[in-house]
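J.: The lines below spell out each chain.
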Amino acid sequence: MIVKLIDFLRDRLQLVIRLSYVGLALLVAWDVVFVSKEHAHTAAERIPGFWAAFGFIACVVIIIVSKWYGHLGIMTREDYYDN
Amino acid sequence: MITDFWLHPALILIVGAFILPFLPKWLKRPYLVIVPTLAFLDVLSMQGQHGTFGVVRFLDWYLTFGRVDGLSMVFAYIMTLMCIIGTIYGLHVEDDFQHVAAWLYVAGSLGVIFCADYLVLFLFWELMAFASVFLVWFRRRPESLAVGYRYLLVHTAGGLALLAGLILRYQATGGDLSFGPIGVGSPSLSTYLIMIGFLLNAAVPPFHAWLPDAYGEATVTGAVFMCAFTTKTAVYALARAFAGMEILVPLGVCMALYGVVYAVLENDARRLLAYHIISQVGYMVAGVGIGTELAINGACAHAFAHILYKGLLFMGCGSVLHMTGKSKFSELGGLYKKMPMAFVFTMIGGLSISAFPLFSGFVSKAMIVAAGFEVHNYWAAFLLTLASAGTFLHTGLKVPYFIWFGKNNCSKETWDKAADPPWNMQLGMGIAAFLCILIGSYTPYLYNMLPYPQIAAGYHPYTAYHLSETLQILLFTAVGFFLLIKKLAPEPKISIDLDWFYRMGGRGFLWLAKRPIQWADSCVSEGYRYIGLMPLMTTAKFWSWFDWHAIDGVVDGLAKTVRNIGGLVRRLQSGQLQYNIFYAVSFVAVALVLYVFA
Numbered sequence: 001m002i003v004k005l006i007d008f009l010r011d012r013l014q015l016v017i018r019l020s021y022v023g024l025a026l027l028v029a030w031d032v033v034f035v036s037k038e039h040a041h042t043a044a045e046r047i048p049g050f051w052a053a054f055g056f057i058a059c060v061v062i063i064i065v066s067k068w069y070g071h072l073g074i075m076t077r078e079d080y081y082d083n
Numbered sequence: 001m002i003t004d005f006w007l008h009p010a011l012i013l014i015v016g017a018f019i020l021p022f023l024p025k026w027l028k029r030p031y032l033v034i035v036p037t038l039a040f041l042d043v044l045s046m047q048g049q050h051g052t053f054g055v056v057r058f059l060d061w062y063l064t065f066g067r068v069d070g071l072s073m074v075f076a077y078i079m080t081l082m083c084i085i086g087t088i089y090g091l092h093v094e095d096d097f098q099h100v101a102a103w104l105y106v107a108g109s110l111g112v113i114f115c116a117d118y119l120v121l122f123l124f125w126e127l128m129a130f131a132s133v134f135l136v137w138f139r140r141r142p143e144s145l146a147v148g149y150r151y152l153l154v155h156t157a158g159g160l161a162l163l164a165g166l167i168l169r170y171q172a173t174g175g176d177l178s179f180g181p182i183g184v185g186s187p188s189l190s191t192y193l194i195m196i197g198f199l200l201n202a203a204v205p206p207f208h209a210w211l212p213d214a215y216g217e218a219t220v221t222g223a224v225f226m227c228a229f230t231t232k233t234a235v236y237a238l239a240r241a242f243a244g245m246e247i248l249v250p251l252g253v254c255m256a257l258y259g260v261v262y263a264v265l266e267n268d269a270r271r272l273l274a275y276h277i278i279s280q281v282g283y284m285v286a287g288v289g290i291g292t293e294l295a296i297n298g299a300c301a302h303a304f305a306h307i308l309y310k311g312l313l314f315m316g317c318g319s320v321l322h323m324t325g326k327s328k329f330s331e332l333g334g335l336y337k338k339m340p341m342a343f344v345f346t347m348i349g350g351l352s353i354s355a356f357p358l359f360s361g362f363v364s365k366a367m368i369v370a371a372g373f374e375v376h377n378y379w380a381a382f383l384l385t386l387a388s389a390g391t392f393l394h395t396g397l398k399v400p401y402f403i404w405f406g407k408n409n410c411s412k413e414t415w416d417k418a419a420d421p422p423w424n425m426q427l428g429m430g431i432a433a434f435l436c437i438l439i440g441s442y443t444p445y446l447y448n449m450l451p452y453p454q455i456a457a458g459y460h461p462y463t464a465y466h467l468s469e470t471l472q473i474l475l476f477t478a479v480g481f482f483l484l485i486k487k488l489a490p491e492p493k494i495s496i497d498l499d500w501f502y503r504m505g506g507r508g509f510l511w512l513a514k515r516p517i518q519w520a521d522s523c524v525s526e527g528y529r530y531i532g533l534m535p536l537m538t539t540a541k542f543w544s545w546f547d548w549h550a551i552d553g554v555v556d557g558l559a560k561t562v563r564n565i566g567g568l569v570r571r572l573q574s575g576q577l578q579y580n581i582f583y584a585v586s587f588v589a590v591a592l593v594l595y596v597f598a
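Residue numbers (the working numbering), protein chains in the order written: chain A, 1 to 83; chain B, 1 to 598.
Treat the hints as calculated values from the structure; they're not laboratory data.
Source: prediction; values computed, not measured.
There's no promise every hint is true.
Unchecked claim - One-sided and incomplete, this derived list gives chain A residues near chain B with beta-carbon spacing under 7 Å: (1) Leu24; (2) Cys59; (3) Val60; (4) Ile63.
Stated by the list, open to error - Pair ranges (Cβ atoms, derived): (5) A/Lys4 with B/Glu413: 25 to 35 Å; (6) B/Gly180 with A/Phe34: 42 to 52 Å; (7) B/Val375 with A/Tyr80: 41 to 51 Å; (8) A/Tyr80 with B/Gly325: 21 to 31 Å; (9) B/Lys487 with A/Phe8: 27 to 37 Å; (10) B/Trp415 with A/Arg77: 19 to 29 Å; (11) B/Pro181 with A/Arg77: 44 to 54 Å; (12) A/Arg77 with B/Gly183: 43 to 53 Å; (13) B/Tyr442 with A/Met1: 22 to 32 Å; (14) B/Trp415 with A/Tyr80: 27 to 37 Å.
Even for Gly, the Cβ is constructed at its ideal location relative to N, Cα and C.
Use the sequences and the hints to build the structure in full.
T.: In structure tokens:
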């Protein structure tokens with residue numbers, strides 16, 4: 001059943017991707033229009049879509065900084081410690 | 001010798017462990033479920049019965065084995081529960097000693113959780129290290145032995161720091177060994193030494209490299225146990241003694257980010273999960289450092305949730321390793337058709353660790369971040385939020401994607417072997433998955449158990465703002481993941497971590513031992529041969545005459561007896577150090593039980 005569901009979605013990958021974009025847009029719209037910001041801790045959080053931008057930038061920064069660090073020589077061949 | 005009747009759950013596990021090898025085969029499986037269940041019921045029976053139990057007089061000291069209060073109860077509950085789940089997951093393992101080692105390890109953790117003085121703490125602390133190392137050695141690969149010894153050496157070093165700290169503290173306080181709030185306002189050398197001992201077990205950088213090293217190499221079931229007990233027992237110890245220690249906040253935040261960075265680079269699924277333990281324990285350490293009631297609640301709640309979802313993730317990736325023999329992304333991929341159940345369970349673990357609404361991480365992690373915002377520690381709160389994006393990126397997306405989807409890197413052999421694991425492994429995962437969702441969906445279950453239940457009852461994670469914030473962060477992290485997926489493609493590489501210093505330092509020491517020291521040694525031997533040996537030979541000749549004529553008669557009878565005993569002992573000793581350590585640890589555990597409870 002699980003496999004069938006996954007295959008069903010994979011066969012319609014483009015549609016799934018489009019629906020996901022619509023979902024994301026709706027999420028941000030809901031946040032901007034309906035969600036009360038009285039629980040916000042800082043002023044920056046009142047910027048519309050602040051956390052969406054935060055999540056996306058965090059992800060990109062983490063990947064790029066980590067890969068840069070890894071390629072400084074931290075990543076090495078698998079038998080590095082073998083005698 | 002016991003003040004009131006109170007049964008230590010560790011005792012159930014220790015005694016249970018020693019009976020196990022002698023049972024007939026048909027009885028073993030039920031027995032494996034019954035013993036940890038009894039320990040769990042024992043803990044349940046203590047609920048609401050706070051107090052001090054199991055006080056034993058030893059020389060001039062009164063040792064306390066049983067302090068039952070809110071903090072110890074929440075940890076004891078989850079530890080014994082995880083012991084049941086882990087044992088069910090490992091039911092198929094026929095090597096009794098793996099179960100014995102795992103139970104002794106859990107007993108060590110429970111001993112630390114219930115003790116109220118540093119002597120007992122130290123004893124059980126060491127029991128944990130010496131029992132858990134077998135979970136690495138039992139993998140029985142050539143490298144397992146080396147990894148185990150490294151693990152043991154690092155933990156011995158941490159144990160020594162702890163011992164030094166508590167001796168200094170004993171001196172300074174005039175004989176106070178009680179294990180409680182240590183006085184974080186006026187730290188002294190002893191405070192820092194004890195803290196280093198705890199931090200090492202919590203895997204706080206720079207004392208963390210043992211963790212991915214050992215957990216990546218442990219047996220499939222061993223890793224499930226290891227990922228739960230060592231670091232979270234250390235979190236308990238920190239929460240008990242170091243609540244409000246400010247330095248723990250930056251240390252915790254660094255941990256959270258450090259784990260994330262190394263997880264990007266990691267190619268081995270279980271080592272990636274191990275780096276994410278460091279990251280997640282970072283939240284708890286930071287929570288302890290913040291030290292408010294909400295923060296301590298958060299640290300405990302997150303430890304509770306973490307033990308379940310991390311156990312679940314290790315079970316999921318462990319089942320892939322168990323079935324295919326592979327754990328590297330560069331040798332896996334596309335397995336959803338072959339292992340759908342393992343995928344679903346791992347995904348539930350991934351969503352829980354990423355703090356998706358309705359899953360356990362959502363109601364626990366947020367408490368720590370909220371406590372950070374509450375005390376206006378904005379940079380800590382924002383950086384912890386940043387790390388949570390990284391958590392979803394790896395554990396929620398990278399692990400499932402590159403094992404079950406993505407490019408199929410499986411060899412034909414791997415592909416043929418891949419299938420969902422045996423029923424007991426699926427049952428273990430099922431229980432953990434159910435609890436992850438229960439915790440996230442029905443908050444009173446966990447919140448009522450926390451050390452400050454009133455504060456917890458006043459905290460509401462399901463507000464519109466929190467939901468919107470979390471969903472935005474997580475879903476837009478997913479967008480970033482799919483845009484940069486090429487950059488994340490697995491590379492068959494390892495990443496150098498701080499264990500480089502002792503691994504390469506060890507080689508330097510070996511070189512030193514081989515070259516200059518051996519040279520000096522042979523010089524001395526040569527000199528000795530000329531100067532010392534000649535007179536010695538003359539004397540020896542005399543004694544040999546004396547021996548031949550006078551003593552032999554008496555000794556012969558004795559020698560025969562000794563030889564016979566030697567023959568018996570030899571059977572116990574295979575000459576491999578790890579077996580000797582195993583016998584010694586078992587002996588100590590038995591002696592401990594006999595001494596305390598006889």
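J.: So, for every hint listed, does it hold in this structure?
T.: Here is what the structure says about each hint:
no.: 1; hint: Leu24; in the structure: holds (6 Å)
no.: 2; hint: Cys59; in the structure: holds (3 Å)
no.: 3; hint: Val60; in the structure: holds (5 Å)
no.: 4; hint: Ile63; in the structure: holds (5 Å)
no.: 5; hint: A/Lys4 with B/Glu413: 25 to 35 Å; in the structure: holds (27 Å)
no.: 6; hint: B/Gly180 with A/Phe34: 42 to 52 Å; in the structure: holds (48 Å)
no.: 7; hint: B/Val375 with A/Tyr80: 41 to 51 Å; in the structure: holds (43 Å)
no.: 8; hint: A/Tyr80 with B/Gly325: 21 to 31 Å; in the structure: holds (22 Å)
no.: 9; hint: B/Lys487 with A/Phe8: 27 to 37 Å; in the structure: holds (29 Å)
no.: 10; hint: B/Trp415 with A/Arg77: 19 to 29 Å; in the structure: holds (26 Å)
no.: 11; hint: B/Pro181 with A/Arg77: 44 to 54 Å; in the structure: holds (48 Å)
no.: 12; hint: A/Arg77 with B/Gly183: 43 to 53 Å; in the structure: holds (49 Å)
no.: 13; hint: B/Tyr442 with A/Met1: 22 to 32 Å; in the structure: holds (26 Å)
no.: 14; hint: B/Trp415 with A/Tyr80: 27 to 37 Å; in the structure: holds (29 Å)
Taken one by one, the earlier hints all hold for this structure without exception.
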